[in-house]
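Chains as they are written, first to last, in my numbering: chain A, 7 to 307; chain B, 7 to 307.
Careful: at least some of the hints might be erroneous.
[Stated by the list, open to error] Below 20 Å or equal to it, Euclidean Cα-Cα: the simulated SDA-like pairs (lysine to any residue) are:
no.: 1; chain 1: B; residue 1: K39; chain 2: A; residue 2: D98
no.: 2; chain 1: B; residue 1: K138; chain 2: A; residue 2: H149
no.: 3; chain 1: A; residue 1: K39; chain 2: B; residue 2: K42
no.: 4; chain 1: A; residue 1: K42; chain 2: B; residue 2: M97
no.: 5; chain 1: A; residue 1: K218; chain 2: A; residue 2: N290
no.: 6; chain 1: B; residue 1: K138; chain 2: A; residue 2: S142
no.: 7; chain 1: B; residue 1: K283; chain 2: B; residue 2: M221
no.: 8; chain 1: B; residue 1: K111; chain 2: A; residue 2: E169
no.: 9; chain 1: A; residue 1: K39; chain 2: B; residue 2: E146
no.: 10; chain 1: A; residue 1: K38; chain 2: B; residue 2: E171
no.: 11; chain 1: B; residue 1: K42; chain 2: A; residue 2: M170
no.: 12; chain 1: A; residue 1: K39; chain 2: B; residue 2: G173
no.: 13; chain 1: A; residue 1: K177; chain 2: A; residue 2: N290
no.: 14; chain 1: A; residue 1: K135; chain 2: B; residue 2: K39
no.: 15; chain 1: A; residue 1: K42; chain 2: A; residue 2: L102
no.: 16; chain 1: B; residue 1: K38; chain 2: A; residue 2: L102
no.: 17; chain 1: A; residue 1: K182; chain 2: B; residue 2: M221
no.: 18; chain 1: B; residue 1: K182; chain 2: A; residue 2: E36
no.: 19; chain 1: B; residue 1: K39; chain 2: A; residue 2: G173
no.: 20; chain 1: B; residue 1: K38; chain 2: A; residue 2: K13
no.: 21; chain 1: B; residue 1: K135; chain 2: A; residue 2: N136
no.: 22; chain 1: A; residue 1: K73; chain 2: B; residue 2: E192
no.: 23; chain 1: B; residue 1: K38; chain 2: A; residue 2: Q183
no.: 24; chain 1: A; residue 1: K13; chain 2: A; residue 2: D300
no.: 25; chain 1: A; residue 1: K182; chain 2: B; residue 2: E36
no.: 26; chain 1: A; residue 1: K32; chain 2: B; residue 2: H149
no.: 27; chain 1: B; residue 1: K32; chain 2: A; residue 2: H149
no.: 28; chain 1: A; residue 1: K39; chain 2: B; residue 2: E192
no.: 29; chain 1: A; residue 1: K111; chain 2: B; residue 2: E169
[Stated by the list, open to error] Stretch-level coverage of chain A by chain B, calculated; a stretch enters the list once three of its residues show a Cβ under 8 Å from a Cβ in chain B:
no.: 30; segment: 20 to 29
no.: 31; segment: 212 to 221
no.: 32; segment: 286 to 292
[As the list claims (entries may be wrong)] Coverage of chain A stretches by chain B, computed from C-beta distances (three or more under 8 Å per stretch; other residues unrestricted):
no.: 33; segment: 34 to 40
no.: 34; segment: 164 to 176
Calculated from the structure, these hints are not laboratory results. Note that the structure is predicted; figures quoted are calculated from it, not measured. Every residue, glycine too, gets a C-beta built ideally from N, C-alpha and C.
Protein chains: 2
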Amino acid sequence: MKPKLKKYFEKWCKIVDKALDFYLPKENVEPKKIHKAMRYSIFAGGKRLRPVLVVAGAEVCGMSGQKVLAQACALEMIHTYSLIHDDLPAMDDDDLRRGRPTNHKVFGEAAAILAGDALLTYAFKIASKNGKINGSAIPEVVHAIAVGAGTEGMVGGQAIDIEMEGGRWMKLSRKKQEEVLDRIHENKTAALIQASVISGAKLAGASPKQQKALMEYGRCIGLAFQIADDVLDVVADKKLLGKKGSDKENKKLTYVALFGLDKSREMANALVAKAKKSLEIFGNRGWVLSDLADYIVERTH
Amino acid sequence: MKPKLKKYFEKWCKIVDKALDFYLPKENVEPKKIHKAMRYSIFAGGKRLRPVLVVAGAEVCGMSGQKVLAQACALEMIHTYSLIHDDLPAMDDDDLRRGRPTNHKVFGEAAAILAGDALLTYAFKIASKNGKINGSAIPEVVHAIAVGAGTEGMVGGQAIDIEMEGGRWMKLSRKKQEEVLDRIHENKTAALIQASVISGAKLAGASPKQQKALMEYGRCIGLAFQIADDVLDVVADKKLLGKKGSDKENKKLTYVALFGLDKSREMANALVAKAKKSLEIFGNRGWVLSDLADYIVERTH
Chain A
7 MKPKLKKYFE
17 KWCKIVDKAL
27 DFYLPKENVE
37 PKKIHKAMRY
47 SIFAGGKRLR
57 PVLVVAGAEV
67 CGMSGQKVLA
77 QACALEMIHT
87 YSLIHDDLPA
97 MDDDDLRRGR
107 PTNHKVFGEA
117 AAILAGDALL
127 TYAFKIASKN
137 GKINGSAIPE
147 VVHAIAVGAG
157 TEGMVGGQAI
167 DIEMEGGRWM
177 KLSRKKQEEV
187 LDRIHENKTA
197 ALIQASVISG
207 AKLAGASPKQ
217 QKALMEYGRC
227 IGLAFQIADD
237 VLDVVADKKL
247 LGKKGSDKEN
257 KKLTYVALFG
267 LDKSREMANA
277 LVAKAKKSLE
287 IFGNRGWVLS
297 DLADYIVERT
307 H
Chain B
7 MKPKLKKYFE
17 KWCKIVDKAL
27 DFYLPKENVE
37 PKKIHKAMRY
47 SIFAGGKRLR
57 PVLVVAGAEV
67 CGMSGQKVLA
77 QACALEMIHT
87 YSLIHDDLPA
97 MDDDDLRRGR
107 PTNHKVFGEA
117 AAILAGDALL
127 TYAFKIASKN
137 GKINGSAIPE
147 VVHAIAVGAG
157 TEGMVGGQAI
167 DIEMEGGRWM
177 KLSRKKQEEV
187 LDRIHENKTA
197 ALIQASVISG
207 AKLAGASPKQ
217 QKALMEYGRC
227 IGLAFQIADD
237 VLDVVADKKL
247 LGKKGSDKEN
257 KKLTYVALFG
267 LDKSREMANA
277 LVAKAKKSLE
287 IFGNRGWVLS
297 DLADYIVERT
307 H
């Protein structure tokens, strides 16, 4: 990560963490176990990519990131709920995430399901209230977040991902495999990343042209992010990732499985270039989002 | 149910069902399995109490129910998601609901979790967009729905309910038992019923005094509804309810367990009287909500 971006990220991660602590229900309030479970996963060392994208989406359109912290936290809550539910025994059945026991391993399945439900619900509670914003942007933002999180977005991607598990994608034609892979990741990863950057932009009163550019940016870095993850799964230290078994062992449909390492890296680079191109209309103000796009592929080298 | 209320209910149930069909994603759109699972539970013979309360909440404050159908459907989606997740093996582990196989029995656990997540997300998607409503009511309504559905509301009630399972409440003092029982049901049932009636009212531009009255009405009928459920569990035909084992067999903390049948019925009647009293400020326009309150205890006799 470039030093200037690193500084920006570190600054906003601290601010976002404080805001999350403020918005989340306290552990000493009933239902204590659920509140503890919510906080356990929120403060589990996430990169805060989505909230920083909300902030950067607002700032590239001329509004201070301080004004969009509620929505920034909402996006992190939705991301976290999705991880908790994805890790459940009935879903990916993961015992570890980032090297720590997963939510249901610590709090039990029932509490993990409810903690996920509660985080999703809380996200909409805080996204719908923001005293720092005037006008009609709030309903639009809530709507965009819900679209990014629902079956047209994140849940839809996870659903197809699960359907393809255990190598079931291998029965499809090559063309169909590529289509399904793109659909999974446009939905599972890119949609919520788009929702993040567009939430900040909408709150800042972005023009339709600016919004269109940022949606394209979000789609490209979302896909690039996923390709980078697939590459990392092959090249990185399993212990560092805290994952159970490699994608290959799990016969997972990934970019590396379909295209190999070199071509996957190439595709990620091309998407990052496209993402950066879509930022041109913002001039110098686009530096955070531009450097962020670079950082996403940096991880794969 | 009084004939006039029955007619009102039947009329609005048909309208709500059509609106649900309109707002829900189609079964032939990917992810098909999740969309099928969502529709399976939405069209499983629910009473549509919450959407009718949204409609009646708007109409008692002078707005046509036709204008609040989006929010009416949102409340039914949230209610339905909660049933799907409550029935999961890790939660109440129910195989049947209203005599039909539960969602996870038909579609599997992973799909049931995702279908619940998707319904909750969809609820906020449609609640945040309503072209028929002017002004700033929408964010307030979204917020009220999220409060009613989250850990201060429905999820909170379910969490405490699960904590008290298997007779764990028996270790508490009598006073504490009564407190916990009230807390469970104010949260688990009443909070979403309050959110329903207040959503309609807010959309109709209700005054603070009207909103206060309807929140009290919602709390009272919500609790009465739960007491009625506890009574029904004892007196009704198990097959008709489609439930697995009685509350007594499950050592469940219920009003009947703490107060007996007669006293429970008395408490429900008193709550209904209180609910009806809070409607006085609406004059004749309060008839739907008033008759509805009567209907709730009617079921127990």
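Evaluation of the provided hints:
1. K39(B) with D98(A): The hint holds at about 18 Å.
2. K138(B) with H149(A): holds (16 Å)
3. K39(A) with K42(B): violated (33 Å)
4. K42(A) with M97(B): holds (18 Å)
5. K218(A) with N290(A): holds (18 Å)
6. K138(B) with S142(A): Judged against 20 Å, a Cα distance of about 15 Å means the pair holds.
7. K283(B) with M221(B): It holds: about 13 Å lies between the C-alpha atoms, which stays within 20 Å.
8. K111(B) with E169(A): holds (17 Å)
9. K39(A) with E146(B): Not satisfied, since the Cα-Cα distance of roughly 28 Å exceeds 20 Å.
10. K38(A) with E171(B): holds (16 Å)
11. K42(B) with M170(A): holds (18 Å)
12. K39(A) with G173(B): Holds, at roughly 18 Å.
13. K177(A) with N290(A): Violated: K177(A) and N290(A) sit about 48 Å apart, past 20 Å.
14. K135(A) with K39(B): The given pair, whose Cα atoms are some 34 Å apart, is violated under the 20 Å limit.
15. K42(A) with L102(A): Holds, because 18 Å separates the two Cα atoms, which is no more than 20 Å.
16. K38(B) with L102(A): Violated: K38(B) and L102(A) sit about 30 Å apart, past 20 Å.
17. K182(A) with M221(B): violated (53 Å)
18. K182(B) with E36(A): Judged against 20 Å, a Cα distance of about 14 Å means the pair holds.
19. K39(B) with G173(A): Holds, at roughly 18 Å.
20. K38(B) with K13(A): Between K38(B) and K13(A) the Cα gap is close to 44 Å, so the pair fails against 20 Å, i.e. violated.
21. K135(B) with N136(A): Given pair K135(B), N136(A) holds - Cα atoms ~17 Å apart, limit 20 Å.
22. K73(A) with E192(B): With Cα atoms ~34 Å apart, K73(A) and E192(B) exceed 20 Å; violated.
23. K38(B) with Q183(A): At roughly 18 Å apart (the allowed maximum being 20 Å), Q183(A) and K38(B) satisfy the hint.
24. K13(A) with D300(A): holds (15 Å)
25. K182(A) with E36(B): holds (14 Å)
26. K32(A) with H149(B): Distance of about 19 Å is within 20 Å: holds.
27. K32(B) with H149(A): Distance of about 19 Å is within 20 Å: holds.
28. K39(A) with E192(B): Satisfied, since the Cα-Cα distance of roughly 19 Å is no more than 20 Å.
29. K111(A) with E169(B): holds (17 Å)
30. 20 to 29: violated (count 0)
31. 212 to 221: violated (count 0)
32. 286 to 292: violated (count 0)
33. 34 to 40: holds (count 4)
34. 164 to 176: holds (count 5)
The earlier numbered hints that this structure contradicts are 3, 9, 13, 14, 16, 17, 20, 22, 30, 31 and 32.
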